[in-house]
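Anchor point for the sequence shown: position 264 equals 264 in the working numbering, and the numbering is continuous, going up by one each time.
Bear in mind the hints are in silico, worked out from the structure with no lab data behind them. Mixed in with the good hints there might be a few duds.
DEER-style ranges, computed between Cβ atoms [to be verified]:
{"id": "1", "residue 1": "238", "residue 2": "193", "range": "55 to 63 Å"}
{"id": "2", "residue 1": "215", "residue 2": "349", "range": "37 to 45 Å"}
{"id": "3", "residue 1": "233", "residue 2": "338", "range": "36 to 44 Å"}
{"id": "4", "residue 1": "242", "residue 2": "272", "range": "17 to 25 Å"}
{"id": "5", "residue 1": "349", "residue 2": "192", "range": "51 to 59 Å"}
{"id": "6", "residue 1": "186", "residue 2": "234", "range": "21 to 29 Å"}
{"id": "7", "residue 1": "379", "residue 2": "32", "range": "58 to 66 Å"}
{"id": "8", "residue 1": "130", "residue 2": "335", "range": "42 to 50 Å"}
Just so you know, even glycine gets a beta-carbon here, dropped at the ideal spot from N, CA and C.
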Amino acid sequence: MKKHGWVALMTGALLLTSCGEEAVAVDPLPEQRARPVIQNYAALTYANYTEAVKQAKAMQTVIDAFVASPSKERLEAARTAWLAARDSYGQSEAFRFYGGPIDNEDDGPEGQINAWPLDENYIDGAAGSNTVGIIADTANYPSLTQATLLEANERDSEVNISSGYHAIEFLLWGEDTSPAGPGDRPFTDFVDGGTRPNADRRRQYLTLATRQLIEDLESVQVQWEPGQDNYARRFTAEAPKEAVLKILTGLGSLSGAELAGERMAVAYDNKDQEDEHSCFSDNTHQDLYNNALGIQNVYLGAYGSVSGQGLSTLVAAVNPALDQKMKARLKASLDAIRAIPAPFDQAILGADSSPGRQKVKAAIDALRAQTDTLVEVATTLGITLNLE
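My request is simple: use the sequences and hints to build the entire structure.
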């Protein structure tokens, strides 16, 4: 997991003057226009996390079936369920970076849910080693529990990841040593007396990690549930500038420092597979697309069955041309990411003139332009957005 600081300060109301008259303060975020947008954002957020929980539970059902009777077909079904579960969570990352329920400093579970990059040897010996990793280390980890996984997560190093989507991903795919495709862990790794020892602990670990992921997702979902005394109630009662500042901080931070930066530019610069987001499954290209899609969801105010007023409504009311520009930037970034040839770990290789690297660079540039436009949006709404 890459952590980023965020600071955003609000300015006062915009000042408009007419010839020969004193300045008159005009609020670009009047209550009657901003409140429906804030309320719709909360509804959209709840819908997104609800879908993430639903997909994670569907994955759990398939994983439980695999653990009960490992087979090649059931392992492939578990992988397919993991890929499906990533879509909704990827879009939910637009709700991060402002200290909300997902990543507040006290008890936000984001680091348990989506931390990366992951050192394979910390969980289960890579390259066929049967003597390293939590699964093999019965001396220090005589019993495996959900508490064990959480206590070990990011212990001593940010790459010592033991829980979340990517721990499950590694267990399902294993190392990715093929340039043409993802990892290909044999199902016999989970069969007693099969390819490797500790199959029972490997099955147990997979079960525990999946269960913990669902509990962590549910802990965030409940904070956005409507009609409860929770974060959503407090958020929707905030002053318009305070709430919209948080919304824009989430979008700008994901678009710029996180997505264009940590998730793409670092891998582009280093040409290293270890720097890609979902390196075991080769799902990075889809992760990136869903992250960008989440930004568009919030700006337009729509996700699944939720379709209401988004930030676009606020911007169009004061600067229609900027609203159209922002929509164009959103489409451009999505199109640019979609154009990256899969797998991502091969697209980043070669000379800068290679087609894959050109597509990755074009997507990075599109996201940076999008981030700059989000800052323009904030300014138009009377907010100063300072992004890392």
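Now for the hints, and whether the structure bears them out:
Between residue 238 and residue 193, the C-beta spacing of about 59 Å keeps the proposed range 55 to 63 Å intact. Hint check: residue 215 to residue 349, Cβ distance near 39 Å, so the stated range 37 to 45 Å holds. Taking the beta carbon of each, residue 233 and residue 338 are about 37 Å apart, inside 36 to 44 Å as hinted. For the pair residue 242 and residue 272, the supplied restraint of 17 to 25 Å is violated, since their beta-carbon distance comes to about 40 Å.
Remark: the range hint 51 to 59 Å for residue 349 to residue 192 is contradicted by a beta-carbon distance near 40 Å. Remark: the range hint 21 to 29 Å for residue 186 to residue 234 is contradicted by a beta-carbon distance near 49 Å. Against the hinted window of 58 to 66 Å, the Cβ-Cβ separation of residue 379 and residue 32 comes to about 22 Å, which falls outside the hint. For residue 130 and residue 335, the hinted distance range of 42 to 50 Å is satisfied, since their beta carbons lie about 46 Å from each other.
Checked against the numbered hints given earlier, this structure breaks hints 4, 5, 6 and 7; the rest are met.
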